[in-house]
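Residue numbers (our numbering), protein chains in the order written: chain X, 1 to 183; chain H, 1 to 166.
Worth flagging that the hints you see were computed from the coordinates, not collected in a lab. Treat the hints with care, since some could be wrong.
[Said to hold, decoys possible] Below, simulated SDA-like cross-link-like pairs (lysine to any residue); rule was C-alpha separation at most 25 Å, straight line:
| id | chain 1 | residue 1 | chain 2 | residue 2 |
| --- | --- | --- | --- | --- |
| 1 | X | K103 | H | S55 |
| 2 | X | K103 | X | G56 |
| 3 | X | K49 | X | D18 |
| 4 | X | K103 | H | R93 |
| 5 | H | K106 | H | E17 |
| 6 | H | K106 | H | D120 |
| 7 | X | K103 | X | Y166 |
| 8 | X | K103 | X | G118 |
| 9 | X | K103 | H | R91 |
| 10 | X | K49 | X | R104 |
| 11 | X | K103 | H | D56 |
| 12 | X | K103 | H | F89 |
| 13 | X | K103 | H | N94 |
| 14 | X | K49 | X | H72 |
| 15 | X | K103 | X | A134 |
| 16 | X | K103 | H | S51 |
| 17 | H | K106 | H | G121 |
| 18 | X | K103 | H | W50 |
| 19 | X | K103 | H | V53 |
| 20 | X | K103 | H | A63 |
| 21 | H | K106 | H | R117 |
| 22 | X | K49 | X | I132 |
| 23 | X | K103 | X | V11 |
| 24 | X | K103 | X | T121 |
| 25 | X | K103 | X | T70 |
| 26 | X | K49 | X | G89 |
| 27 | X | K49 | X | V11 |
| 28 | X | K49 | X | V13 |
| 29 | X | K103 | H | E17 |
| 30 | X | K103 | H | G59 |
| 31 | X | K103 | H | R117 |
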Amino acid sequence: MSTTWESRLVVPVAEARDHIQGSANAPVTLVEYGDFQCPYCGRAYPIVKEVQARMGDRVRFVFRHFPISTSHPYAEQAAEAAEAGAAQGRFWEMHDHLFENQKRLRNEDLHRYAEELGLDTERFDQELAGHIYADRIHEDFLGGVRSGVNGTPTFYIDGTRYDGSYEADDLVVALEQAAQEGG
Amino acid sequence: MTSRSAAPTGPIEPGTEAPDFALRSTPDQLLSLSECRGRPVILAFYPEDWSPVCSDQLGLYQAVLPEFERFGAQLIGISVDGIWCHLAFARERNLHFPLLADFEPKGDVSRAYRAYRAQDGTSERALFVIDADGIVRWSYVSPVAVNPGADGILNALQNLGTGGAG
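Using the sequences and the hints given, assemble the complete structure.
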């Protein structure tokens, strides 16, 4: 028999480690595995924002890294820039900046974004040059692979891979349904 | 409504000896399954070089290659495209594992694994994990438009280590 399986998130959301918007008490959690250079993730970015605006505190959103460096040569350093932003308490601002400028992810661009966000750029540059967040990003990547991420973006709703359309209306319907079932 | 003994459908099953083959991996080199004995082999049949889903799938596998290698496994891609097409595709997409040309007679190896789409003239999007002794341990055919990811392969490789029965 060939095997079929349902892909589930094998690394549970952890408040202490993950990058999270929204409350742990939200009735539903949306996890995205994304790549800052991936055009589909760029297209999903404002859609997720719209979903968050429409659902408010009824949804918790988690972003994890899944840079596919063979296709996207700047994805890894962009992910490292987001982590360097996180180290200075500014993950989400950097995340937004990267998606809003995803065609400009060279080192000098990343440095400029750090400046624009008012980060300690000396520390930021050092951390990028030393690739000190590479291991953490690779952990995200491997967790994603084991969870059945098959491209980016891949979404999980309450831990189950969501293979439907990620237009805002469809996502909201799927999230609300999961919220009802979970609640 | 008639009942007749149907030809087997779906990919060849776990427990089956993997059909051997020798296909071109470069214009002047053949790669055979039997020369991979002693280590697990992942066969990834896919429909066509350059198609969007195939590009994403194989790009993902390239990114996951170090994990496959941790199990000592050899990844091999197979489609009916010719060898020069494979070379251009691999170069463009930075793929550093063999892509074999199931080109002449067209689709013969794909058929042997029951992973051929006669209606399209291409291979299925089919995965096989073969153990070090050449026995199929896991097989899966994905809907042709769906990238199956790598979790099934990794689970199968992990199970080789713990599977017990030889």
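Against the structure, the hints come out as follows:
Between K103/X and S55/H the alpha-carbon distance is near 21 Å, which keeps this suggested pair within the 25 Å criterion. Distance check on the hinted pair: K103/X and G56/X sit about 30 Å apart at the alpha-carbon level, beyond 25 Å; violated. As the CA atoms of K49/X and D18/X are separated by approximately 18 Å, the hinted pair is consistent with the 25 Å bound. Taking the CA atoms of K103/X and R93/H, the gap is near 19 Å; set against the 25 Å cutoff, the hint holds.
Of the pairs offered as hints, the one joining K106/H and E17/H holds, with about 22 Å between alpha carbons and a cut-off of 25 Å not exceeded. Straight-line distance between C-alpha atoms of K106/H and D120/H comes to about 12 Å, which keeps the hinted pair within the 25 Å bound. This hinted pair checks out: K103/X and Y166/X have alpha carbons roughly 22 Å apart, not beyond 25 Å. Our distance criterion of 25 Å between C-alpha atoms is met by K103/X and G118/X, whose separation comes to about 22 Å.
Distance check on the hinted pair: K103/X and R91/H sit about 23 Å apart at the alpha-carbon level, within 25 Å; holds. In summary, the hint linking K49/X to R104/X is supported, as the alpha carbons are separated by about 21 Å, within the 25 Å threshold. Taking the CA atoms of K103/X and D56/H, the gap is near 19 Å; set against the 25 Å cutoff, the hint holds. For the given pair, K103/X sits about 24 Å from F89/H by alpha-carbon distance, which is consistent with the 25 Å threshold.
Using a Cα cut-off of 25 Å, the hinted pair K103/X and N94/H holds, with the two alpha carbons roughly 20 Å apart. Taken as a hint, the K49/X and H72/X pair is honoured in the structure, with Cα atoms around 23 Å apart against an allowance of 25 Å. Taken as a hint, the K103/X and A134/X pair is honoured in the structure, with Cα atoms around 21 Å apart against an allowance of 25 Å. Using a Cα cut-off of 25 Å, the hinted pair K103/X and S51/H holds, with the two alpha carbons roughly 23 Å apart.
Between K106/H and G121/H the CA atoms are separated by roughly 8 Å; this keeps the pair inside 25 Å, and the hint holds. Note on K103/X and W50/H: the hinted pairing holds, with a Cα-Cα distance of about 23 Å set against a maximum of 25 Å. Our distance criterion of 25 Å between C-alpha atoms is met by K103/X and V53/H, whose separation comes to about 22 Å. Proposed proximity of K103/X and A63/H is supported: the alpha carbons are some 21 Å apart, at most 25 Å.
Pair hint K106/H plus R117/H holds up; C-alpha atoms about 12 Å apart against a cutoff of 25 Å. For a cut-off of 25 Å, the pair hint linking K49/X to I132/X is broken: about 29 Å separates their Cα positions. Proposed proximity of K103/X and V11/X is contradicted: the alpha carbons are some 30 Å apart, above 25 Å. Using a Cα cut-off of 25 Å, the hinted pair K103/X and T121/X holds, with the two alpha carbons roughly 21 Å apart.
For the proposed pair K103/X and T70/X, the alpha carbon gap of about 16 Å is at most 25 Å, so the pair holds. Simply put, K49/X and G89/X have alpha-carbon atoms about 20 Å apart, close enough for the 25 Å limit, and the pair holds. Our distance criterion of 25 Å between C-alpha atoms is met by K49/X and V11/X, whose separation comes to about 24 Å. Distance restraint check for K49/X and V13/X: the Cα-Cα separation of roughly 20 Å lies within the 25 Å cut-off, and the hinted pair is therefore satisfied.
Of the pairs offered as hints, the one joining K103/X and E17/H is violated, with about 49 Å between alpha carbons and a cut-off of 25 Å exceeded. Simply put, K103/X and G59/H have alpha-carbon atoms about 20 Å apart, close enough for the 25 Å limit, and the pair holds. Taking the CA atoms of K103/X and R117/H, the gap is about 38 Å. The hint is violated against a cut of 25 Å.
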